[in-house]
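Asker: Each chain, letter by letter, is given below.
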Amino acid sequence: GAVVSQHPSRVICKSGTSVKIECRSLDFQATTMFWYRQFPKKSLMLMATSNEGSKATYEQGVEKDKFLINHASLTLSTLTVTSAHPEDSSFYICSARDMVEVQETQYFGPGTRLLVL
Amino acid sequence: QKEVEQNSGPLSVPEGAIASLNCTYSDRGSQSFFWYRQYSGKSPELIMFIYSNGDKEDGRFTAQLNKASQYVSLLIRDSQPSDSATYLCAVRGSSASKIIFGSGTRLSIRP
Chain P
1 GAVVSQHPSR VICKSGTSVK IECRSLDFQA TTMFWYRQFP KKSLMLMATS
51 NEGSKATYEQ GVEKDKFLIN HASLTLSTLT VTSAHPEDSS FYICSARDMV
101 EVQETQYFGP GTRLLVL
Chain G
1001 QKEVEQNSGP LSVPEGAIAS LNCTYSDRGS QSFFWYRQYS GKSPELIMFI
1051 YSNGDKEDGR FTAQLNKASQ YVSLLIRDSQ PSDSATYLCA VRGSSASKII
1101 FGSGTRLSIR P
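For the record, the sequence lines run as chains P and G.
Position 104 of the first sequence, counting from 1, maps to 104 under our numbering, and the rest follow consecutively.
Here our numbering = 1-based position in the second sequence + 1000.
With the rest of the complex left out, here is chain P:
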């Protein structure tokens, strides 16, 4: 299957700082990427859909000014958690859609574990 990478894999930051997470599709181009967060033992929660060259589409209840998404190229999307607070500590996972495949499978990155102190 296709490969999606995320960086960093884990990050610890102080409250009030910003953290940027990168998501790359390594062997395919992705016009659409998705950002999820997941709390321990809970379901995946879709935060936003990232569209190359245009604004992201945020799910209800997700603050777009707090979770900045940029999809500058067909292989890279970034999520910036601004002014992070302890309640933002979570597992953030990106997913990229391979539009070449008939079924347009979504492949997941390995995730980024964020801890805000």
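Hints in this document: simulated from the structure, not taken from any laboratory.
Incorrect hints may appear among the rest.
Dumping the calculated DSSO-like pairs for lysine-lysine here, alpha-carbon to alpha-carbon at most 27 angstroms [to be verified]:
id : chain 1 : residue 1 : chain 2 : residue 2
1  : P       : 41        : G       : 1042
2  : P       : 55        : G       : 1067
3  : G       : 1042      : P       : 42
4  : P       : 14        : P       : 64
5  : P       : 14        : G       : 1042
These figures come from a predicted structure and were not determined experimentally.
Following the hints, position chain G against chain P.
Answerer: Showing chain G alone in chain P's frame:
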């Protein structure tokens, strides 16, 4: 009604037996169906996809799709302890914009 429904489990199956995971969806126009496996603390990984009615086999895994009943299932033959994980059913609806995930079924294979 949730768009994609799964029994949360846990589903406990003895080693070597067949594990059967079920999923129902609400959008009758749904096009593609996916099964992902997620180990604790890891991100989901794709097991297989199906988009035609019937069965699709890949090694020990068989996906079954019945669009009339809006039902998709995953069978795992010769279950191994390493199959213990949460299994996510995902459906691409008629709008085709994004995949909707079920909340997952936790599977435990007991030795």
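Asker: Hints first: check each against the structure and report whether it holds.
Answerer: Against the structure, the hints:
1. P/41 to G/1042: With a Cα-Cα distance of about 11 angstroms, the restraint between residue 41 of chain P and residue 1042 of chain G holds, given a limit of 27 angstroms.
2. P/55 to G/1067: Distance of about 35 angstroms is beyond 27 angstroms: violated.
3. G/1042 to P/42: Since the Cα atoms of residue 1042 of chain G and residue 42 of chain P sit roughly 13 angstroms apart, the hinted pair holds (cutoff 27 angstroms).
4. P/14 to P/64: 21 angstroms, holds
5. P/14 to G/1042: With a Cα-Cα distance of about 24 angstroms, the restraint between residue 14 of chain P and residue 1042 of chain G holds, given a limit of 27 angstroms.
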